[in-house]
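A.B. asks: So the chains spell out like this:
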Amino acid sequence: MSADQLVQYLSWTVFVLIFVSTSIWAARHPQRANIDIALFFSAPTAIIAIGTAAVFGLVQAGPLINAVNTSLLLAMGYMLLRIVDDFAIVSVWLMRGAGAALAVLVAGAFVFQPPRPNWLNLLMLLYLVVVLLYAAGAFIRESRRSSGVTRRRMRSVAAGSILLVQLFIISSLNLVAPALQNTWQVLADICGLAAGVCYFLGFTPPRPLRRAWQEPELRAFLGRPASLPRLPDTQAILRALERGAATSLGANARIGLWSEAERALIFPQGDPTYRLDPDEPIPPARAFRDQAPVFGANIPSNYPTYAEYSRRVGAITVLAAPITAGERRLGVLVAYASRTPIFAEDDLALLQLLADQAAVILESRALIDEATRVRAYEEATRLKEDFLSAAAHDLKTPLTTLVARTQLLERRAQRDPMAPADLVSIQLLVNEAQRLKRLVLELLDAARAEQGRLVSVRTVVDLVPLASQICQRHDSARHPCVVEASEPVIGTYDQIRIQQLLENLIENAIKYSPAGGGVRVRLWNEDQQTHLTVTDNGIGIPPEDLPHIFDRFYRAHNVDDRRFAGMGLGLFICRGIAEQHGGQIRVSSRPAQGSTFHVVLPLAREEVAIYA
Amino acid sequence: MHEAPILVIDDDLAIRDTVSEILVFEGYHVVTAANGADGLRFAEQSWPALILLDMRMPIMDGWAFTHALRARGATPPIVVMTAAQDARRWAQEIGATGYLAKPFELHDLLDVVARLYGI
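Chains as they are written, first to last, in my numbering: chain B, 452 to 1063; chain E, 111 to 229.
It is worth saying that the hints were derived from the structure and are not from the lab.
Because the structure is a prediction, the values reported are computed rather than measured.
Be a bit skeptical, because a hint or two may be false.
As the list claims (entries may be wrong) - Among chain B residues calculated to face chain E with C-beta under 10 angstroms, some are:
#	residue
1	K847
2	R863
3	R889
4	L890
5	A966
What the hints assert, rightly or not - Covered, in the sense of this in silico footprint (three residues per stretch, anywhere, with C-beta under 8 angstroms from a C-beta of chain B), are these stretches of chain E:
#	stretch
6	150-161
7	182-195
8	208-215
Virtual Cβ for every residue (Gly too), placed ideally from N, Cα, C.
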């Protein structure tokens, strides 16, 4: 047996083996894609069978056999196009055109006996080359779009198509240079063998190869559990887990989390408003209910009520596995693809592995969250206690004077009923009572700021006259106050609170400019927002205090309590007013040079109910 | 008339004046200071018979004041006078003789002073 014969027999054997294995697969899993693949390999197998039969004299080589062989070869092109349609999508018109061309060429093969006219041969070659190149292009495109194992499978199939094109071109060289017939034959056989292997690996990769192809992504995914729970939030973890599962499987992936409150599965990264009842029949619900992985092919026809939804999200074929940590059912991991043959049966085991991994990661995240919650609660409790003791301390100071001084007046009056009224004492009492009133109101505002209840009735307000009014009231020779605005600055605000905000900032500007100095208020519109700045040339704020200056009870280190009265609630309330209008407040300052407070407010009411 | 002065140290002017007037009305001699440092200066000059001491003050607080006073060998009775909840604990901390939690009643102030003055 010569070498070229060996190659030929080898390629025949490979094709027959592929046909047998794909047929068995299709018989076990009678889905369109599997049947199409088996049909595709049935054509070369038939050609081989006829050839073998001819060798043993069972059939007589002749024009009829030649026409049948040619037809089978032509049919392979069309069949490949059907497979392309299973994996990617081929337009209906192209499919119909290819079908019509196939019919015409097959008819030609039977009508014209060999040697056929060259134009017919050329047309046949053209048909095959066009179809195969289209298939190769489609698979390359699909491989670019996909990842992991699917990408490798698509590449393999694309390579197979290109090899087939080469085979047909080489075979047709036979007609051009028949003297080298043997060489062409060997080259064609080699191409055929390689194409067969490529298709086999791409369409029905044997399990070990599939595993090997999944391995790099899987390894990368499984190598991350230590770092994942530390991601900033659960959403980021879900994203990372879904991405990992998606690339490992070469498909899309979503995680549904079980909500005990809603008794439903929620997909935060998908459509967050969607609620999946675990009693539904579709695979994700079943996987969660039965606590076992589920494979679901052709969702639109198997679950008609989900047809529209599954087409919209591109979930025609679905794998689902429960994410469960011990007794705690956390949710489901769902992998899905818009084309059936992307998944194989044994991907279920892989998906379950990924789901278990996700369970470990989500569970450790939950523990971290729990610890954070406990810490936050402790912190909130501590803040509340600080608030109470600081508030109590500040309230007791004027109260001390009020109590002791009134009792002193009483004592004096008892000893000397005829003594004139002690005006100095009464003035002192009035002052302390006022101080107490201010403190109580400020504390109430701080409590409201805390609860997000500072802002109530909103009306359309022009901030310019409002600022001018307050400025005028505080204007003095020592602290001249000017308002700069080139146009009305109008928004929908709680006027009383905005007034309080302006008053606070202007009073601060004056209070912290003990050596005197101007206060400048600027107002302008920009980017659909209202801007307002209050600038002074006062003592400024040390850089280390800047990040905390809006915190409750915080007072900068250069503030001498004796010279500057206050509880450290003014700016906290200002921040509350700005933020509860949907805006923000910032500060820039240099010690001994002055400070600028910058308030940005949205023009209209923001419908985001953060504090609701 | 009591000759040795009572030293009232408090950063709040209204409280300082009120306490001072109450004690003066009862016939005591009173000196006042707005913080520990000023208080220390007075204490060195006039050897007070009793000190009424606020704890949280700018410049020099109650703890630093007591420490400095003891370092100079002076041991007049001290009454801690604070609005904080820890009045009793703070008084123990600095080894004070008594404490007044703000806001205090007039007779509590007079009782404490009467009890501790001149011991």
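A.B. asks: Tell me if chain B covers the stretch 150-161 of chain E under the three-residue, 8 angstroms CB rule, please?
C.D. replies: Our answer is that it is violated, as 0 residues pass the Cβ test (under 8 angstroms) against chain B, missing three.
A.B. asks: Just to be careful: measuring from the Cβ of B/A966 to every Cβ in chain E, is the smallest value less than 10 angstroms?
C.D. replies: violated (19 angstroms)
A.B. asks: Would you say the stretch 182-195 of chain E counts as covered by chain B, given the rule of at least 3 residues with C-beta under 8 angstroms?
C.D. replies: holds (count 3)
A.B. asks: Regarding the hint that B/R889 lies at the interface with chain E, is the smallest CB-CB distance below 10 angstroms?
C.D. replies: violated (14 angstroms)
A.B. asks: Would you settle whether the hint for B/K847 is holds or violated, based on the nearest Cβ-Cβ distance to chain E being less than 10 angstroms?
C.D. replies: holds (4 angstroms)
A.B. asks: Grab the minimum C-beta distance from B/R863 to chain E and call the hint holds if it beats 10 angstroms, violated otherwise.
C.D. replies: Holds - the Cβ of B/R863 comes within 10 angstroms of chain E, reaching about 7 angstroms at its closest.
A.B. asks: If you take the shortest Cβ to Cβ gap from B/L890 to chain E, is it below 10 angstroms?
C.D. replies: violated (12 angstroms)
A.B. asks: According to a criterion of three or more residues whose C-beta lies within less than 8 angstroms of a C-beta of chain B, is the stretch 208-215 of chain E covered?
C.D. replies: Check passed, 4 qualifying residues.
In summary, the numbered hints that this structure violates are 3, 4, 5, 6.
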